[in-house]
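K.L.:
The chain contents come next:
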Amino acid sequence: MDMELASRRFADTVVLFPEGRIDHATAEQFKAALAPHLDTCAAGRDRVVIDMTGVEYISSVGLRVLMLASKQSKAQGCTLAVCGLQPVVREIFAISRFDLVLQVFPTLHETLAALSAEALAAFGAA
Amino acid sequence: MLVRFWGTRGSIPVAMTSAEVKRKLVTALVAAAGRGLDTPGKARAFVEEELAFSVSHTFGGNSSCVQIETGGPDYVLCDLGSGARVLGNNVLATGGPNGHRFHVLMSHLHWDHIMGFPFFMPAYLPGNHVRIYGCHDGIEEAFRRQNAPPSFPVDFSRMDARIEFIRLEPERDYDIAGLRVRAKRQHHGGDSYGYRIERAGKVVVYSTDSEHKQDDPKEVEAFVEFFREADLVIFDAQYSLADAISVKEDWGHSSNVVGVEMCQLARARRLCLYHHEPIFDDERIAALLAETRRLEEITRGDHRVEIHAAYDGLEITL
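These protein sequences, in sequence, are chains A and B. First residue of the first sequence? That's 1 in the working numbering, and the numbers climb one at a time after it. First residue of the second sequence? That's 1001 in the working numbering, and the numbers climb one at a time after it.
Next comes chain A alone, as it looks inside the complex:
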């Protein structure tokens, strides 16, 4: 199964929308699709939000991609956040303790409200 990764920009924040399952079969595609957005993310500039509303399952390999993304974003001084976890994915985050090491928000609206007033305004106007 291909990993869909649509994106939308709200002011200084890029929001990514993966779909489907992030597992052994799709994690590398997810990583590759994430890379250009992380490369341009830097301190005081872009923020990256991964809206997981369309993700039905994430395996340890997929979580590893998120961990690598988090490490890269920290090294670059940029902000990475995750939101919109479906119930199963939310449980996987809790059991793996990823909810303790990543910034996780319930909804995209709440994420933007926490990260960027400009992005929130752009989101509201969209």
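Hints were generated in silico from the structure; no laboratory data involved. Take these hints with a grain of salt, some might be off.
[To be verified] If we take Cβ atoms under 7 Å as the criterion, some of the chain A residues that face chain B in the derived model are:
hint, residue
1, 5
2, 59
3, 67
4, 86
5, 96
6, 97
7, 104
8, 120
[To be verified] Result set (DSS-like, lysine-lysine): computed pairs, CA atoms no more than 27 Å apart in a straight line:
hint, chain 1, residue 1, chain 2, residue 2
9, B, 1248, A, 31
10, B, 1248, A, 71
11, B, 1218, A, 31
12, B, 1184, B, 1248
13, B, 1202, B, 1218
14, B, 1248, A, 74
15, B, 1042, B, 1022
16, B, 1042, B, 1024
17, B, 1184, B, 1202
18, B, 1213, A, 31
19, B, 1213, B, 1248
20, B, 1218, B, 1248
21, B, 1213, A, 74
22, A, 74, A, 31
23, A, 71, B, 1218
24, A, 71, B, 1042
25, B, 1184, B, 1213
26, A, 71, A, 31
27, B, 1202, B, 1248
Values in this document were obtained by computation on a predicted structure and should not be read as measured data. Just so you know, even glycine gets a beta-carbon here, dropped at the ideal spot from N, CA and C.
Add chain B to chain A, keeping to what the hints say.
P.N.:
Showing chain B alone in chain A's frame:
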């Protein structure tokens, strides 16, 4: 085939504290209030049937030692952590002082996996025979060194049992005490080796002190094959997944999440969480077991994996 756990704790042996004992007692007494437990039989039944495991028992604190019982006369063990002391004493108490033969498969030579041997009483008694197998260079040196000054007062030469060290090669099948045994190299400081042990259609995999970095699909597939359709996978689940791939990356251990996934991919029948984090108390390990069972349930496809958490004294019949 029966698998008996003598030591299940990772890194260092631990003991329950007075505060933990008191907490269990308080919880049990409150639960027993008004129940009329006025005979030992009623009290025992209450403890066995109604209290949570983490209240009525303990997961224990000895370091790695697992026995594979095949019905044959020889003892087959994995690792000689502090649990080996208890096993050795049990053998002498139930079988007398002499005439015992032990086959030990060593995962690696870190302290917590060899520290039981200086206290393994059958090794000091003539007429016993200990065969220690492993894939590392320097196995004999590691065992002799821990029985020498300044680490220990009784020299290795005072062990009067016949003691042999047998070097194995990974990825080769061996016949050891009637078992087919194959070792596999694992990610751990200085390397560790897992063992796939088969007899009469039953398979147990002993895979402790093994970090699964998941960055190489071929390596993942190789471990899945190693675990393939095992009746029991004894799996290092010391860390959470988040810790294992962040602050504790390269510390050489794995997680419950990876254990579930690999057993699902391998269609293994049972997963036993092993090498418990020494800072975890009984409630924490019980919670880890419950979470892992839940993870298996919500991610299950067409194959169910039975989840266990090892404790000192656990027996699993395959």
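K.L.:
With reference to the structure, classify each hint as holding or not holding.
P.N.:
Each hint, compared with the structure:
1. 5: Violated: closest Cβ of chain B sits about 20 Å from residue 5 of chain A, beyond 7 Å.
2. 59: Holds, because the Cβ-Cβ distance from residue 59 of chain A to chain B comes to roughly 6 Å (cut-off 7 Å).
3. 67: holds, 5 Å
4. 86: Violated: closest Cβ of chain B sits about 11 Å from residue 86 of chain A, beyond 7 Å.
5. 96: Status holds, d = 4 Å.
6. 97: holds, 4 Å
7. 104: Residue 104 of chain A check fails; min Cβ-Cβ to chain B is 12 Å, beyond 7 Å.
8. 120: Not OK, violated: residue 120 of chain A not within 7 Å of chain B, min 28 Å.
9. B:1248 x A:31: Holds: residue 1248 of chain B and residue 31 of chain A sit about 22 Å apart, inside 27 Å.
10. B:1248 x A:71: holds, 14 Å
11. B:1218 x A:31: Status holds; Cα separation ~18 Å.
12. B:1184 x B:1248: OK: residue 1184 of chain B and residue 1248 of chain B at ~23 Å, within 27 Å.
13. B:1202 x B:1218: holds, 26 Å
14. B:1248 x A:74: The given pair, whose Cα atoms are some 17 Å apart, holds under the 27 Å limit.
15. B:1042 x B:1022: Distance ~22 Å between residue 1042 of chain B and residue 1022 of chain B Cα, so the pair holds.
16. B:1042 x B:1024: holds, 19 Å
17. B:1184 x B:1202: With a Cα-Cα distance of about 18 Å, the restraint between residue 1184 of chain B and residue 1202 of chain B holds, given a limit of 27 Å.
18. B:1213 x A:31: holds, 16 Å
19. B:1213 x B:1248: holds, 11 Å
20. B:1218 x B:1248: holds, 23 Å
21. B:1213 x A:74: holds, 21 Å
22. A:74 x A:31: Holds - the C-alpha atoms of residue 31 of chain A and residue 74 of chain A are around 17 Å apart, at most 27 Å.
23. A:71 x B:1218: Cα-Cα ~25 Å, so holds.
24. A:71 x B:1042: violated, 56 Å
25. B:1184 x B:1213: Holds. Residue 1184 of chain B to residue 1213 of chain B sits at ~16 Å (cutoff 27 Å).
26. A:71 x A:31: Satisfied, since the Cα-Cα distance of roughly 13 Å is no more than 27 Å.
27. B:1202 x B:1248: Measuring from Cα to Cα gives roughly 34 Å; hence the hint is violated.
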